[in-house]
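> Residue-level listing of the chains:
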Amino acid sequence: MTPKTMFEKIWEAHVVHEEAGKPSLIYIDRHLVHEVTSPQAFEGLRLAGLRVRRPELTFATMDHNVPTTDRSLPIEDAISKRQMETLSQNCKAFGVTLFDLNNPQQGIVHVIGPELGLTLPGATLVCGDSHTSTHGAFGALAFGIGTSEVEHVLATQCLLQDRPRTFLIEVNGRRPYGVEAKDIILSIIGRIGTGGGTGCVIEFGGGTVRALSMEERMTVCNMSIEGGARAGMIAPDEKTFDYLRSRRYAPKAFDAAVARWEKLPTDPGAQFDRRLKIDAASLSPQVTWGTNPGQVAAVDGRVPNPMDLSDPNDRKSAERALEYMGLRPGTPITEIPIERVFIGSCTNSRIEDLRRVARFVKGRRVASKVYAMIVPGSQPVKKKAEEEGLDRIFKEAGFDWRESGCSMCLGMNPDTLRPGERCASTSNRNFEGRQGKGGRTHLVSPIMAAAAAVEGRFVDVRRYELKED
Amino acid sequence: MEPFKKLKGIVTLLDLPNVDTDQIIPKQFLKRIERTGFGEFLFYDWRFIDGVELNPDFEMNAPRYRGATILVTRANFGCGSSREHAPWALLDYGFRCVIAPSFADIFYNNCFKNGILPVRLIEEEVETIFQRVREAPGYQLNIDLEKKKITSDDGLNFRIEIDDFRRYLLLNGLDDIGLTLQHEQKISAYEKTHSEIAPAPIG
Ligand code: SF4
Chain A
8 MTPKTMFEKI
18 WEAHVVHEEA
28 GKPSLIYIDR
38 HLVHEVTSPQ
48 AFEGLRLAGL
58 RVRRPELTFA
68 TMDHNVPTTD
78 RSLPIEDAIS
88 KRQMETLSQN
98 CKAFGVTLFD
108 LNNPQQGIVH
118 VIGPELGLTL
128 PGATLVCGDS
138 HTSTHGAFGA
148 LAFGIGTSEV
158 EHVLATQCLL
168 QDRPRTFLIE
178 VNGRRPYGVE
188 AKDIILSIIG
198 RIGTGGGTGC
208 VIEFGGGTVR
218 ALSMEERMTV
228 CNMSIEGGAR
238 AGMIAPDEKT
248 FDYLRSRRYA
258 PKAFDAAVAR
268 WEKLPTDPGA
278 QFDRRLKIDA
288 ASLSPQVTWG
298 TNPGQVAAVD
308 GRVPNPMDLS
318 DPNDRKSAER
328 ALEYMGLRPG
338 TPITEIPIER
348 VFIGSCTNSR
358 IEDLRRVARF
368 VKGRRVASKV
378 YAMIVPGSQP
388 VKKKAEEEGL
398 DRIFKEAGFD
408 WRESGCSMCL
418 GMNPDTLRPG
428 ERCASTSNRN
438 FEGRQGKGGR
448 THLVSPIMAA
458 AAAVEGRFVD
468 VRRYELKED
Chain B
53 MEPFKKLKGI
63 VTLLDLPNVD
73 TDQIIPKQFL
83 KRIERTGFGE
93 FLFYDWRFID
103 GVELNPDFEM
113 NAPRYRGATI
123 LVTRANFGCG
133 SSREHAPWAL
143 LDYGFRCVIA
153 PSFADIFYNN
163 CFKNGILPVR
173 LIEEEVETIF
183 QRVREAPGYQ
193 LNIDLEKKKI
203 TSDDGLNFRI
213 EIDDFRRYLL
223 LNGLDDIGLT
233 LQHEQKISAY
243 EKTHSEIAPA
253 PIG
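Read top to bottom, the protein sequences are chains A and B.
What the first sequence shows, in our numbering, is residues 8 to 476, in sequence order.
What the second sequence shows, in our numbering, is residues 53 to 255, in sequence order.
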């Protein structure tokens, strides 16, 4: 038999209908829904007189615009409130399970999917949010979709998709101290560019990737979309199975499921459309300097000079980015002062992220001119962190400790930057205005964000020690 | 959905690569629960100064582009968030066609689902359009999806590369859901034979 990639195995197992010259109709095993990209989809169903085909495969939460302050207080933003109420009504009317604002499982959709055991190896999973690629960390084929597609999946449990191309990125070698999963993916995006993975599903492989924890794998897959890819994925292994074993919605016949999942990884000799090799030993902590995630530099580097860029588009983009970011070419990254820190988002808000931040900030203090907040990815993450006493470490160090949600990742709720404010952020997008109009976002790993909070500027975390637990 | 067959219209320019959907429609305007009414917020942070005054430095604001229905821009247009509010805003503002050297995948798909024609032309062709538009106020293009051609009165003639199925949907204003539901039997058959891949979750 011809050797196959993991993507091909999953794709082929999901094709419902194929015709030459048309997109394939593929079956969707799990559909996650949130308040911002779903109202018009449910409305469409209603107008067409359709029902949700498989409500038992559809799960909803509220995350994008929920407040992260005291949940017992009323929601001040009337329009956000209307969107949340609309989701509640829609879920009720169409029989969809909802983890609403007051549910102990509530959280960012890409944090709770895996937590609940909804994300499974070999499954197809979609959500009306581009960072759905996160779920690929489990060996699932996970796509972000638009609202029309949300409606399509609700109505048919299928999605029309052109077959993507395959791209293997292998990372091998020893990852140096201070280099996090976030730095791996930022380096990759820096190398391939924000359009580098367009039309592709990226499989991340190699020894360094296999050595990553599930949380770290999610960070890597999460940002595949920032490299333009349709999805990112990592072969499932013992770590994947251990993570899922006792989750609420994991298959009851678990061992039988594992036996199937073990057949998923790419066969030796399988062909990819494209390949890239990365040496982990050469990587360093990363800081974005511009307004897309590919505009990134090593922490011991400098803000580049647009004149040095050969591509005229890159040059124009860089010039504009530096103007927006208020940065001068040649400035050492470690001389960039910051006044805000955001630790959170579906990229870096899981318990391991918070544990590493705690190990760094224990016994240290947030610089006096810095306002720093930590927003756990979900209520279960929050609870676990509090059980472990991490919240006390954070508060003693001067961090604001919040309720779960997307928060300042996109600033749809009251958590935003003011114009000109500069923020070290563990989220995934540094677009103009993403965290608030005029706000300046630098994407970094959780430890780099913690260190920036303490020093009031970017620092090279490789020079600092982590406290023992 | 409105069919797209032919379009003759004024061209406007957005001379930036990597325009992301956060710029096309900033997130503070995503809270509506309808599909319409997003046009006035299109490129909001660029079009307006402090949300009130039209920004004179934003090229699209120039009177010569008034009434434009075709947007010509640079590579990787529509990257970032998957929000369909981006094509809704473009459509609501009046655009039926966007031309660029390349598009982000999700955005490209979303255009078709809303009756907008995204056209990929090579960099040189896009550059030619930029130059012609800048030289001649009110410059128009003819888009003919049936013949897969973009032409102009001053002799431009570019071919539209588009897959036949998408073209067919757009020409007929068909929506995907109706088409997929024609495969109902196949979907049901698939469900019967493949239920073990990801068993329905039991809480
Ligand atoms: S945390 Fe940010 S990127 Fe992730 S789902 Fe929420 S808004 Fe999207």
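Treat the hints with caution; some may be incorrect.
Just some of the chain B residues that point at chain A, by a computed CB distance under 10 Å [claimed, not checked]:
1. 111
2. 114
3. 134
4. 139
5. 153
6. 253
Which bits of chain A does chain B cover? Going by a derived footprint, with three or more residues having C-beta under 8 Å, they are [claimed, not checked]:
7. 19-27
8. 199-212
9. 329-336
10. 373-385
No wet-lab data here; the hints were simulated from the structure.
Even glycine gets a Cβ: it sits at the ideal position worked out from N, Cα and C.
> State for each hint whether it applies.
Consistency of the hints with the structure:
1. 111: With a closest approach of 13 Å, the residue 111(B) hint is violated.
2. 114: violated, 19 Å
3. 134: Constraint on residue 134(B) satisfied, holds at 4 Å.
4. 139: Status holds, d = 8 Å.
5. 153: holds, 9 Å
6. 253: holds, 4 Å
7. 19-27: holds (count 4)
8. 199-212: holds (count 4)
9. 329-336: With 0 residues in contact (Cβ-Cβ under 8 Å with chain B), the coverage given for the stretch 329-336 of chain A is violated.
10. 373-385: violated (count 0)
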